[in-house]
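Chemist: Listed below, chain by chain, are the residues.
Number of protein chains: 2
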Amino acid sequence: MAILQIGAGSVGWVIAHKAAQNNDVLGDITIASRTVRKCEAIIASIKGRNNMKDPSFKLEALEVNADDIEALVALIHGVQPDLVLNAGPPWISEAIMEACYQTKVSYLDTSVAVDLCSEHQQVPEAYDSQWIFRSKFEEVGITGILSSGFDPGVVSVFAAYAVKHLFDEIDTIDVMDVNAGNHGKMFATNFDPETNLLEIQGDSFYWEGEQWKQVACHTRMMEFDFPEVGIHKVYSMAHDEVRSMKEFIPAKRIEFWMGFDDCYLNHFNFMKDIGLLSQKPITLQDGTVVKPLKVLKALLPEPTSLASCYTGKTCIGTWIQGIKEGKARSVFIYNISDHEVAYKDVEHQAVAYTAGIPAITSALLYFKGNWKAAGLFNMEQFDPDPFLELMPSIGLNWVVKELEPKTLLINILK
Amino acid sequence: MAILQIGAGSVGWVIAHKAAQNNDVLGDITIASRTVRKCEAIIASIKGRNNMKDPSFKLEALEVNADDIEALVALIHGVQPDLVLNAGPPWISEAIMEACYQTKVSYLDTSVAVDLCSEHQQVPEAYDSQWIFRSKFEEVGITGILSSGFDPGVVSVFAAYAVKHLFDEIDTIDVMDVNAGNHGKMFATNFDPETNLLEIQGDSFYWEGEQWKQVACHTRMMEFDFPEVGIHKVYSMAHDEVRSMKEFIPAKRIEFWMGFDDCYLNHFNFMKDIGLLSQKPITLQDGTVVKPLKVLKALLPEPTSLASCYTGKTCIGTWIQGIKEGKARSVFIYNISDHEVAYKDVEHQAVAYTAGIPAITSALLYFKGNWKAAGLFNMEQFDPDPFLELMPSIGLNWVVKELEPKTLLINILK
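Residue numbers (my numbering), protein chains in the order written: chain A, 852 to 1265; chain B, 852 to 1265.
Don't take each hint at face value.
Just so you know, same-sequence chains aren't split out, so a pair can sit in one copy or run between any two.
Said to hold, decoys possible - Below, in silico cross-link-like pairs of lysine-lysine (BS3-like), each with a Cα-Cα straight-line distance of 30 Å or less:
no., residue 1, residue 2
1, K1145, K1123
2, K1219, K898
3, K1175, K1252
4, K898, K1123
5, K987, K1145
6, K909, K1195
7, K1084, K1123
8, K889, K909
Treat the hints as calculated values from the structure; they're not laboratory data.
Let the hints inform the model, and build the full structure from the sequences given.
Modeler: Quick look at the structure:
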């Protein structure tokens, strides 16, 4: 048995740790990235934490240019994995999927479908470039599991669980995500500042009344009382799982909400207002041309550097409202993750932790045969029960909380 | 009669307009700068506003490199002025003073003595590089008038007025400066962003108990109820006039305070915290090396562009506490300037307006003979009465307000 992981960023860090903790099932582990040094750092951390369950299996680092299909095919032929785990950025997914098709090896990826920051790649088109591989994967009999992170990912499994066990009819699905942790910096991003700050500036898309609605960022806000971490303001934001849930789970409205505190938004709006978040080049007095966002990226802390000082918790879940046995029902299914607990386990923070564990949970279900079928699948298309049964043992709990059914108080800002 | 103005920035803009409005006394006006286009823009504005009192006098633009003493001497020989008005940055003052000495032409400058942003040039050393010209000016029988702006400048005249008319003994002198105007931008500076943002980051120096005290920026704060513009938070800041008043006006404490609203400080502290106010070069991902403060400068609005939309008022004054006829006395002597009034008069905002008018008031007193003597003088060394009598007719009112004598409530922050 063997797996090949491509990508050595924050989420890749957690995936590799968790793969090592479960290598009795997954076998040999190869981590490949454009920057082999990053793979080696992860391996050093795994060994430092004694996270190899069975030290007799292989754990190695390789270099690969994941844009290059031929190089990927050669890599897969060399490694001979049972499953390729793509932990890289969205723009390499198609090349890896093509290489998996050519080598007939199953495929799993971890978070976003497309680069929502790019033009002509918005939520209504998310997954289009991946779903075209469906017939190819069926043809060669391999399994593809898309977006097996937390959100996108587990939040759709929660929705599938609600469909299967808790509701006869679903009205609304609201994915709720708040990081109530504290990294001790006045401003920092939990992943690449450039991608993050572009994403947050983008319009939000939500599905309502059989059509897509598009609104400017931070203009739809509500307050939500999250378990354990309390009341937070959350804002409607573009996120891939709204697209896939719209395809697979009938609902009157599907929307993604992310928590931003006033202080963060104040700084964010200030930077946007003065032009610091722009990708448009400016010319300095001495003639140097720079993109302001690239300067900001160079100033802000390296996201991985935040993990060791992170305290507090994240709460991410799916809030479903609808009808069960003729009565209105409102349920919030969620996970709480603690940054310090994550750091003790894998030397990283909870944002990466929650995104990485679901990938290994899915990989284990693939190896066990529960989530193994010819074709291409989003998480909500599989049976949620074995996933939710397994996930707590990999590191993420989940809770079903009954709420009082009610109409959402959405504030329209600006 | 003729004057030569060197410098064509914001303050130079106002000085030139006011000189033109008084050219029946001052005669021909030459404006010289490294960038002759800037002088020409000022002349176009003066003519557009019909601000030439006597159109028969000359108004011309010339180019000069004010770092170059020989070029300055040649310029002065060519123009043959009765007075040189230095409206340039502090680092050109010594060269112009030397040229005035060599050509035996009187000298006047407008605001700051030294570049307080530079190392080894702090408040306790302010004026040192200029005062060494005192004996030279006496030797050739020319007059030198230093720092004839508002603060430094008029605030010292207010103190001299208090000494002459209002107090037997002075305890404390607090220069109070608030710009309660609104330029409609989320963040902007009223003069060069680089100089301004460096100055604000510097330590504050105040004179107390016969010695200099040094404290970090924004760590001494009090609230003051300014006439017309209301209560504002003001912070102890490094400013040149504390040095000259310490030399010429005995007091137990002399300090400069500037108003910053919470929102401004919030943005300022944020920028400082993420490193955007730093002059230390950083390297971007693509290898480009930039100084963050230079990037910010390129992003922020050109200060002169703010004038046309500026509303609200400035209040700058000198708060003196002491003893008169055995009784405690507290007096605030101040000016109120309105940004819109300034714009109507000279197409600029009130910050530049208050700094430019005192230079022309002093120049007129020099031409009239009231403020004309061989040597080098700070404003507080002259008789304040003719100055304060003349200034309102040039555009700046002043008011003496009796306050309740009290101990200052200074908050020590951080």
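Chemist: Against this structure, judge whether each hint is valid.
Modeler: Hints versus structure:
1. K1145 with K1123: Both, since 14 Å and 18 Å are each at most 30 Å.
2. K1219 with K898: Within one copy, since 26 Å is at most 30 Å while 86 Å is not.
3. K1175 with K1252: within (15 Å within a copy, 75 Å between copies)
4. K898 with K1123: Neither. Shortest intra-copy (42 Å) and inter-copy (39 Å) distances fail the 30 Å Cα cut-off.
5. K987 with K1145: This pair counts as neither: shortest intra-copy Cα distance 39 Å, inter-copy 53 Å.
6. K909 with K1195: within (24 Å within a copy, 79 Å between copies)
7. K1084 with K1123: both (20 Å within a copy, 27 Å between copies)
8. K889 with K909: within (18 Å within a copy, 71 Å between copies)
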